[in-house]
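Participant: One-letter residues, chain by chain:
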Amino acid sequence: MTSAFFVTWLAASLRLAGPVLLAALGETFAERSGVLNVGIEGTILLGALASFLTDYVTGMVWLSLLAAMLTGIVFNLLLAWMYVTVRASQVVVGLVFNVLAIGIAATVYRRALGESSGPQSVAMFAPLHIPWLSDLPLLGPVLFGQTSLLYLTLVLVGLAHFVLFRTSFGLALRAAGENPSAADAAGISVARMRYIGVLIGGATAGMAGAYLVLAQIGLFRESIVSGQGFIALGIVIFGRWNPWKAALAALVFGACDALQLSLQLGGGNVPPQLLASLPYIVTILAISGLFGGRAVQPAALMVPYAKE
Amino acid sequence: MKLIERRVSPADSPLAITTAMVVAALAAMLITSLLFTLYQANPLQAYFALFHEPFASWRGFGYTLVRTAPLTLIALGTIVSWRSGFGYLGFEGCFVIGAAATSWLALSTTFSFWTFLPLALLLSFAAGAAWAGVVALIRARFGGNEVLISLMMNYVAILIVQYLVSGPMRAPGGVPETALLPRATWLPFILPGTRAHAGILLALCAALLVWVLLRKTRIGYELIVSGLSPLAARFGGINVGAQLVFAAFCAGGLGAWAGTVEVLGEQHRLMDGISGGVGFTGIIVALLARLNPLAVIPAAVLYGGMTVGANAMQRRAGIPSSITFILQSLIVLMVLASDIFRRYRVKLT
Numbered sequence: 001m002t003s004a005f006f007v008t009w010l011a012a013s014l015r016l017a018g019p020v021l022l023a024a025l026g027e028t029f030a031e032r033s034g035v036l037n038v039g040i041e042g043t044i045l046l047g048a049l050a051s052f053l054t055d056y057v058t059g060m061v062w063l064s065l066l067a068a069m070l071t072g073i074v075f076n077l078l079l080a081w082m083y084v085t086v087r088a089s090q091v092v093v094g095l096v097f098n099v100l101a102i103g104i105a106a107t108v109y110r111r112a113l114g115e116s117s118g119p120q121s122v123a124m125f126a127p128l129h130i131p132w133l134s135d136l137p138l139l140g141p142v143l144f145g146q147t148s149l150l151y152l153t154l155v156l157v158g159l160a161h162f163v164l165f166r167t168s169f170g171l172a173l174r175a176a177g178e179n180p181s182a183a184d185a186a187g188i189s190v191a192r193m194r195y196i197g198v199l200i201g202g203a204t205a206g207m208a209g210a211y212l213v214l215a216q217i218g219l220f221r222e223s224i225v226s227g228q229g230f231i232a233l234g235i236v237i238f239g240r241w242n243p244w245k246a247a248l249a250a251l252v253f254g255a256c257d258a259l260q261l262s263l264q265l266g267g268g269n270v271p272p273q274l275l276a277s278l279p280y281i282v283t284i285l286a287i288s289g290l291f292g293g294r295a296v297q298p299a300a301l302m303v304p305y306a307k308e
Numbered sequence: 001m002k003l004i005e006r007r008v009s010p011a012d013s014p015l016a017i018t019t020a021m022v023v024a025a026l027a028a029m030l031i032t033s034l035l036f037t038l039y040q041a042n043p044l045q046a047y048f049a050l051f052h053e054p055f056a057s058w059r060g061f062g063y064t065l066v067r068t069a070p071l072t073l074i075a076l077g078t079i080v081s082w083r084s085g086f087g088y089l090g091f092e093g094c095f096v097i098g099a100a101a102t103s104w105l106a107l108s109t110t111f112s113f114w115t116f117l118p119l120a121l122l123l124s125f126a127a128g129a130a131w132a133g134v135v136a137l138i139r140a141r142f143g144g145n146e147v148l149i150s151l152m153m154n155y156v157a158i159l160i161v162q163y164l165v166s167g168p169m170r171a172p173g174g175v176p177e178t179a180l181l182p183r184a185t186w187l188p189f190i191l192p193g194t195r196a197h198a199g200i201l202l203a204l205c206a207a208l209l210v211w212v213l214l215r216k217t218r219i220g221y222e223l224i225v226s227g228l229s230p231l232a233a234r235f236g237g238i239n240v241g242a243q244l245v246f247a248a249f250c251a252g253g254l255g256a257w258a259g260t261v262e263v264l265g266e267q268h269r270l271m272d273g274i275s276g277g278v279g280f281t282g283i284i285v286a287l288l289a290r291l292n293p294l295a296v297i298p299a300a301v302l303y304g305g306m307t308v309g310a311n312a313m314q315r316r317a318g319i320p321s322s323i324t325f326i327l328q329s330l331i332v333l334m335v336l337a338s339d340i341f342r343r344y345r346v347k348l349t
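Protein sequences, first through last, are from chains A and B.
1 is the number of the first residue of the first sequence in the working numbering; add one for each residue after it.
1 is the number of the first residue of the second sequence in the working numbering; add one for each residue after it.
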């Protein structure tokens, strides 16, 4: 294995880890507050669509990112209402929402671009070469030649960790997910914490969708997410509901994805479809409980809370 | 004076539940009507197109039955697994695995129909059961999250079938798909002048069997108790892990049968994208039927019919068929949300 291959592989790993990491960060907040958001897949799809359409019309990437974020928040407001206020089964609502999102995305995309037009590409984030550092041999271009979205994601990892574990808001949020009645007794509004958790999840899921469009593919298709939302849920588990560990877990996923892509391009004997299943299989193994013992999830995860 | 007051417990009379469901469905249709107006279509005409073709025309009704069969089987699988507390969501995967196993058997053997069919059903059921059983084993033995693992396995199954139809099972030609299955393996058509096939009969039998299993047998009783309270079940001497694996076998097998009837009854070959989201629509049907095996049949006819009507709507009113996904999921979301209204009563005096 040459060092050139290694450098390309590592750079691709980081790039591919970005979207799932972003989505996993917000989902960590949702799950820490007691909500498992299976609808994350649909939110990412709608975020991707919103960023694509905004970019298609205006050509401004940052505005598109913002549009995706707002879209994620708006749709997750609906989800939060179903999860927290209606107290419906979280898996059921999330699952049905994903079907709704597919319907919305397909309908809106066709409505906006017309039935017959081929895939349209849009402006993307350009790689940001950090002066001097990106000139370092080997690792320079890998670590310091990525898009600004990836740097933003890494900053958010630190921020998420700080907010969750070093602020009173983070404590209240975690209390809502661990022991809602005690949190309630201590004067914390469990419903409010869970709404906020799900909305943060919506913001980052929308951004993850924008990441796919603006920093990876540059166009929209209905299969653009293809399970990355579910993989993000797996990363939250494998990262033990901790932002830093989620970053490591996302990197493992990115490394697998990059490896299978470069093997596909390398033209070996293994069929590309079977290579493409590698990231999913690795995620299954990671959350199966076969390695690293049982994951201890927030105690009140998926348990709706009704005030006495 | 308050006009609306909170009930101590939600209203749960059949009338209250039915009213809430009907209102919810109407609300979903109202929201979808707003979308129709985006296409300068008259909502009434659009809904007429959506429901006329599948239920009021003979040919269309045949298509409705074609779509109903796999939906029913998947919904039944959902009921068995969810009732046992096993939140399985991997029916897209079971569907394609069952379809692939059936196609392989049909293409590699030359049995007569009545030898072939039981063998195909057996093989397909076994393949689906194994596919879902793995997830149950991981959950029961290592405590892995079955919701996520089953979702992830859908993608693996779809990629495996993509590989099969573009590699080992590919027929010569431009499109990645298998050759046409031999005519002797096709399910008989049951209504003259339509494409309705015997798959619907299998689905109806399965619904009856699942109802008997859950309501009339000891094992079904143990399964439901395990789902309601695993701890109580364990104290009562029920092996909850074994129940889980049994439920997963049934769920996977039923999901695989959905794939079998689709290839033997309608498509007559295996191709990429054969499931088209039916694995998730089937779960939605089960939810609409409130996990009742007999109520699944009308729910599946309704949703199967909507899928057929969507194409008619696209042809006649120019409304994209993807709108039915919106309508179908909105109905269930509204039904779920309608629970909140049953927590209140209107006080008029």
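Hint data in this document are derived by calculation from the structure and do not stem from the laboratory.
Keep in mind that this is a model prediction, so the values were computed, not measured.
Positions of the beta carbon are idealized from the N, C-alpha and C atoms, including for glycine.
Hints may be right or wrong, so weigh each one.
[As the list claims (entries may be wrong)] Quick list of simulated restraints, FRET-style, between CB atoms: (1) A:F162 / B:A171: 34 to 42 Å; (2) B:G143 / A:E178: 13 to 21 Å; (3) A:R221 / B:L44: 29 to 37 Å; (4) A:L219 / B:A171: 25 to 33 Å; (5) B:L137 / A:R221: 48 to 56 Å; (6) B:L231 / A:W244: 47 to 55 Å.
Participant: All hints, please: hold or fail.
Facilitator: Each hint, compared with the structure:
1. A:F162 / B:A171: 34 to 42 Å: violated (58 Å)
2. B:G143 / A:E178: 13 to 21 Å: holds (19 Å)
3. A:R221 / B:L44: 29 to 37 Å: holds (34 Å)
4. A:L219 / B:A171: 25 to 33 Å: holds (31 Å)
5. B:L137 / A:R221: 48 to 56 Å: violated (35 Å)
6. B:L231 / A:W244: 47 to 55 Å: violated (35 Å)
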